[in-house]
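So the sequence lines, in the order shown, correspond to chains A and B. Numbering-wise (this note's numbering), the first sequence opens with residue 450 and increments by one. Numbering-wise (this note's numbering), the second sequence opens with residue 9 and increments by one.
Since the hints were derived computationally from the structure, they do not count as laboratory data. C-beta: ideal position from N, C-alpha, C; glycine also. The reader is advised that the hints may include incorrect statements.
Restraint-style ranges between C-beta atoms, simulated for each label pair [what the hints assert, rightly or not]:
1) B:Arg96 - A:Val546: 30 to 38 Å
2) A:Val554 - B:Glu65: 18 to 26 Å
3) B:Thr10 - A:Leu603: 35 to 43 Å
4) A:Leu578 - B:Met106: 48 to 56 Å
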Amino acid sequence: MLPMSLAFLFISALTVAGGLAAVALKNTVHCALALTVAFAGLALLFLDLGAQFAGFAQILVYIGAVAILVVFAILLTRGSETPKDGVYSKHWPAGLVIAAAVFAVLGWAILSSAPQLPNASVAPTVTVLQIGQALMTRYVLPLEIIAVLLTAALIGAVIVAMHEKEGAR
Amino acid sequence: MTPLSGFLLVAALIFSIGLAGALTRRNAILVLIGIELMLNAANLNLIAFWRYGPHPEALTGMMFAIFSIAVAAAEAAVGLGLVIQVHRHAHSTDLDAMNRMKG
Chain A
450 MLPMSLAFLF ISALTVAGGL AAVALKNTVH CALALTVAFA GLALLFLDLG
500 AQFAGFAQIL VYIGAVAILV VFAILLTRGS ETPKDGVYSK HWPAGLVIAA
550 AVFAVLGWAI LSSAPQLPNA SVAPTVTVLQ IGQALMTRYV LPLEIIAVLL
600 TAALIGAVIV AMHEKEGAR
Chain B
9 MTPLSGFLLV AALIFSIGLA GALTRRNAIL VLIGIELMLN AANLNLIAFW
59 RYGPHPEALT GMMFAIFSIA VAAAEAAVGL GLVIQVHRHA HSTDLDAMNR
109 MKG
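With the hints as constraints, model all of the structure from the sequences given.
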């Protein structure tokens with residue numbers, strides 16, 4: 450049995466606490482801030498795993514863009530006001546039971562399989578040069594598709610959220 | 009318990025937290041937050057398997073995670089645009105109140 454490193458335990462506790470706060474707090478703005486903590490913890494876990502590029506991409510995309518978008522959406526929809534009949538849906542016990550069952554199944558599968566992959570000790574060293582070369586050679590088609598998808602999402606989000614005047618189309 | 013199992017357990021826990029949030033909250037934005045947490049847990053799985061897998065120099069898992077981050081960003085932009093538009097029509101983001109398309 451390999452002991453967990455102290456950094457891993459600390460970062461995972463921070464991440465799980467941030468995630469729990471993000472879905473459980475009453476005030477929606479506090480939820481968005483807790484979500485930022487969870488994203489930062491996940492980026493630290495990526496860095497802990499040696500995936501520097503993915504970790505910094507996580508910080509840039511999630512903390513820099515997605516969390517800000519969520520805050521904008523909350524403020525634009527006045528979602529920070531707590532509704533009078535509670536923040537949880539009518540069927541919250543069923544949702545909680547489903548989530549607990551999913552976690553039980555996943556945890557059972559992980560602990561019973563005890564994956565022993567060969568590369569347990571040596572941390573791989575990946576430079577940004579290698580990532581760039583892989584993106585330009587082997588993964589060039591997915592890269593182009595992602596570019597088209599992001600353009601389509603940008604235009605689509607603007608069209609969806611655009612304020613339509615009465616009668617004008 | 010190997011280090012890989014530790015990362016997989018943390019990812020499973022974050023996924024379940026996100027699922028619980030998506031299933032129990034009334035506010036549509038909070039449901040989107042839960043979905044983002046679930047996507048992030050999947051990314052953590054991909055990176056963990058890349059790190060402890062037999063061929064990390066092939067970069068497969070990391071590339072998958074990077075593309076998944078890009079797709080999640082697109083999903084968040086369109087999802088929040090939809091929430092804003094729904095709020096403009098229904099003057100509410102309460103999902104329990106959105107029952108006009110109920111069969």
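Now the hints, each set against the structure:
no.	hint	result
1	B:Arg96 - A:Val546: 30 to 38 Å	holds (35 Å)
2	A:Val554 - B:Glu65: 18 to 26 Å	violated (33 Å)
3	B:Thr10 - A:Leu603: 35 to 43 Å	holds (42 Å)
4	A:Leu578 - B:Met106: 48 to 56 Å	holds (49 Å)
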